[in-house]
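Protein chains in written order, with my numbering: chain X, 100 to 215; chain A, 10 to 124.
Calculated directly from the structure, the hints in this document are not laboratory data. All figures in this text were calculated on a predicted structure; none of them were measured in a lab. Where a beta carbon is used, it is the ideal one built from N, C-alpha and C, also for glycine.
Derived Cβ-Cβ restraints for the label pairs, each shown as a range:
{"no.": "1", "chain 1": "X", "residue 1": "G142", "chain 2": "A", "residue 2": "R94", "range": "14 to 24 Å"}
{"no.": "2", "chain 1": "A", "residue 1": "E53", "chain 2": "X", "residue 2": "R210", "range": "16 to 26 Å"}
{"no.": "3", "chain 1": "A", "residue 1": "M24", "chain 2": "X", "residue 2": "S173", "range": "37 to 47 Å"}
{"no.": "4", "chain 1": "A", "residue 1": "L83", "chain 2": "X", "residue 2": "E114", "range": "35 to 45 Å"}
{"no.": "5", "chain 1": "X", "residue 1": "R210", "chain 2": "A", "residue 2": "G68", "range": "22 to 32 Å"}
{"no.": "6", "chain 1": "A", "residue 1": "M48", "chain 2": "X", "residue 2": "A106", "range": "17 to 27 Å"}
Beyond 10 Å from chain X on every Cβ pair, some chain A residues (computed):
{"no.": "7", "residue": "K20"}
{"no.": "8", "residue": "T29"}
{"no.": "9", "residue": "Q33"}
{"no.": "10", "residue": "R73"}
{"no.": "11", "residue": "P90"}
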Amino acid sequence: AQKVTQAQTEISVVEKEDVTLDCVYETRDTTYYLFWYKQPPSGELVFLIRRNSFDEQNEISGRYSWNFQKSTSSFNFTITASQVVDSAVYFCALSEAQTGANNLFFGTGTRLTVIP
Amino acid sequence: DARVTQTPRHKVTEMGQEVTMRCQPILGHNTVFWYRQTMMQGLELLAYFRNRAPLDDSGMPKDRFSAEMPDATLATLKIQPSEPRDSAVYFCASVNRGGTTDTQYFGPGTRLTVL
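Just chain A, with the same shape it has in the complex (with noise of 0.2 Å):
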């Protein structure tokens, strides 16, 4: 049963630290996403990534936020310098596009706290 991982589940740092949250995309996706979810602003698009070239970040606060992919069964999502109102939880989902099916499968997510 192919899943999308992500590590770690649970994070609590402190204003200032960096945090970095990691997605390991189903076996063979080449589409791989970040979203954001708060109370406020409900789940949100962060960035995207087809066959690791980064498509779209416009959804980033690009001071502090950067999202990479090293390899094909890695995603990175890196917070430098962390604020309190980051705190949320991460998703990362990963797609076959072009496959037989467009379907987004959600890893677990990432439930952040800055404090």
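Just chain X, same shape as in the assembly (with noise of 0.2 Å):
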């Protein structure tokens, strides 16, 4: 079964720290990707990113980078010089590609709060 675990339900740092948001998963597929989506005050789901699970290159895109380590589940999301900007909820989510479906399984999310 899959499942994607946030141990991290809030955190709070104070602006220009640096902040890493983690994420767990469980899946028997041998393919699958996983997403981080950030749902600012405003509500809107919006993609960061996708990786799928043959590629374990980490990735940074100005700010945000992510580490995706396949020998321990992870897919943890870190910013760098935090803004009150990046005060959101953030989402990690799973789909499997052998089901054909590629539907979203979601964690339960980590509110950042970044304080000026």
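Build the complex from these two chains, which are given one at a time in their own frames, with help from the hints.
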């Protein structure tokens, strides 16, 4: 069975601090996709990144970086030099290719508050 | 900038009334999903369609919820009769399954309040 765990319910940091959001997943499929979405206070879900299970290369996009480790089934998300605009709920999600459906299984989200 | 659109953005209704939510997927996307977000359950899949055909609606209460896709540009989610426990944000997402990307793009959501 598939499962996504975001153990951190809420995190508060002071502006310009770095912060890492943890995501641990469970799946029996060998081919799967991992995602991060951002939900700002306005409520929409904004796509941030997608990784497939065969690509463990870490990725950096501006202040955002992602660390994918299959050995620990983790896909962690780091924001460097955090800003107030980063305040949001961040969701990690899993999609299993073998189901043919690619519907997303979401974690419970981590609420990040960046204090000015 | 292609986006998923949803209407209405907000809906307040009384228990027992019919509610219809609409979604316009990104042009060319052939798979549409309906999700519900509540504080208690988080984000959960209700139903999805591929090429307008329903593939899975196991997450949906069958007695009161129905989802349809009358054409490739419109998906609807209907609740009849509505109940207070249906209060939630309903998201539609679309994806170009089999295309160069399998990323789901979400609409802005419909915030439903049932009194």
